[in-house]
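Chemist: Here are the chains, one letter per residue:
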Amino acid sequence: MASALTVVRNIDRRAVALALAVLSCAGATTVATGGQAHATTPIYTSSPCISRDSRGYDPDCEADLFINYNSSPQSGVKPAPGAAASMYGDVYDFSGGLDGNGIYVFVFSTGGGLPGAGQKIKNNAAAADPCGVNSYRIYYNSGYTGHSQYFGSDQFCGADFNFDSTLKNEDASEHWS
Amino acid sequence: MRRSRAARPLVAVVAGALLALAGCSPFGATGDPAAGGARPSRTGTPAWPAATPRSGLAKGLVLPLEAYMEPYADTVAVQQAVDRLTTRCMQRYGYAYTAPARGMTPPPSSDDSNMPRRYGITDRDQAARYGYFLGDSGRTPPPAPRLTAAETAVLTGRLAVAPGAKRAPARIDGRRIPEDGCLGESIRRVGPRIDESPASTLDYESLRRSQSDPRVLAVVGAWSRCMKAKGYTVDSPLDAAKLTPDTHHGQADQADITTALTDIDCKRRTGLVKTWYTVESAIQRQQIEQNQFQLQQLKDRIAAEVKSAMAVLGRNS
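Protein chains in written order, with our numbering: chain A, 1 to 177; chain B, 1 to 317.
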């Protein structure tokens, strides 16, 4: 999809190219670099809904906020064409720790080789769809600080809603709303 | 997609035990720490963020663009109104549908400007208990109702609640369903989703522009030097959360709390919040002047939607 690469993206991003192997987990990507996971091991994942033991999906967590690398060509009407992270719940810092097992760094999924695949989502996203019953608020700085943007629950799930930022790449934390 | 249990974020059983030890009682709701295993959300609605901050360094501060934003209580009311109409519509098709309770997982801010945390943390009482965290990590939303395929189709006009879901047939069991299902019908009646970007984009812009203002640069520099004197290296309050990464599911240890208290004390000493707010207010007044028509249109749309929601809910606004 060559056209996907020309979708609106006004500002040059500092892209971090991550070489990730796609695991067989359905629809999600997780890689822990280094050997045993310990407190300082970064764990790259496209969703918090993955068991830390890599046994598969945590059945109590169901992704309902899809954050996209690209913006939608028609916000609220059409989907964004880039790679997405399948988020859920409150996240203090998209590139920060989640629990004592390691430092989680959320990235766009590598499945499908879409634009942005494997890159960090922090300060690198352009649109989101709160696909489900829950509403969210995305904050432009980590720790729920800075400017924020409301994403009301969307059970149609056919469109992405563009971020306010004209830079289209500032996002650092999220919270249910 | 079915949600058969109360959905939980990635939570270790250990995190539940930590909540119990800390005697966590977020926002005054009765503490009910999860000790592992799926739990429904706690009974009683948690406290919602106030439209205007009621405590701390941002107390009473309202930015000009907030007049064109929708406060939290109104977003909840609109959702509740849509829920009520949706339930009635589903009943017409023979389904007993109840939307999950709303307002059960309030964020720390009432609107997009996020005044309580816009320039980083400002509430010393909250910092003393939770550091940079919120003290609400045990709280999860009520589960979405379990729906059959037919119910999903009548509710949404689609075959699933999932990205890429295909549209349902126009008729289910011989009966015509509304476009986009009962949800679509209800949304059309209360008011279609409003594009709030006119106010929100400007609010983002004013924060960005203010960071180049000499007064803001001066006061942020003073704050940073104050932090440095206490042993913390950080350039801006907007980066301060990184001083205490969340590695224990939103639990702050004593070091985290000390960091947060130092942050706020340095803000008080330098007058950072008031200065930054003053600079931004001027920028926003200018933005409002330059975008008056579009902003007024947005404000009118929001007011109409809220009025409509209140009518559905049988409340006088």
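A hint or two may mislead.
As the list claims (entries may be wrong) - In silico contact screen, one side only, chain B against chain A (beta carbon under 7 angstroms); selected entries:
#, residue
1, A67
2, A101
3, T105
4, N114
5, R117
6, P141
7, T156
8, A162
9, S197
10, Y232
11, D235
12, L238
13, A303
If you're looking for bench data, these hints aren't it; they were derived computationally from the structure. All values derive from a computational prediction rather than experimental measurement. Each residue gets a CB set at the ideal place from its N, CA and C atoms; glycine is no exception.
Chemist: Each hint: holds or not?
Modeler: Going through the hints against the structure:
Hint status for B:A67 relative to chain A: violated, with the closest Cβ pair at about 16 angstroms, above 7 angstroms. The beta carbon of B:A101 comes no nearer than 10 angstroms to any beta carbon in chain A, farther than 7 angstroms, and the hint placing it at the interface is violated. Checking B:T105 against chain A by beta carbon gives a least distance of about 4 angstroms; that is within 7 angstroms, so the hint holds. Taken as an interface hint, B:N114 checks out: its beta carbon lies about 4 angstroms from the nearest beta carbon of chain A, inside 7 angstroms.
Among the interface hints, the one on B:R117 holds; its C-beta lies about 5 angstroms from the nearest C-beta in chain A, closer than the 7 angstroms criterion. Interface restraint check: B:P141 against chain A, minimum CB-CB distance 5 angstroms, threshold 7 angstroms, status holds. With a cut of 7 angstroms, the hint placing B:T156 at the interface with chain A holds, because the nearest CB-to-CB distance is about 5 angstroms. Annotation: interface hint on B:A162 holds; nearest CB of chain A at approximately 6 angstroms, less than 7 angstroms.
The interface hint given for B:S197 is met, as the beta carbon of that residue sits about 6 angstroms from the closest beta carbon of chain A, less than 7 angstroms. A hinted interface residue such as B:Y232 counts as satisfied when its beta carbon comes closer than 7 angstroms to some beta carbon of chain A; here the least separation is about 14 angstroms, so the hint is violated. Hint on B:D235 is violated. Least Cβ distance to chain A is approximately 12 angstroms, over the 7 angstroms limit. Residue-level restraint check for B:L238 holds (minimum Cβ-Cβ distance to chain A is 4 angstroms; threshold 7 angstroms).
A cut of 7 angstroms between beta carbons decides the hint on B:A303: the least distance to chain A is about 17 angstroms, and the hint is violated.
Of the numbered hints stated above, those contradicted by the structure are hints 1, 2, 10, 11 and 13, listed in ascending order.
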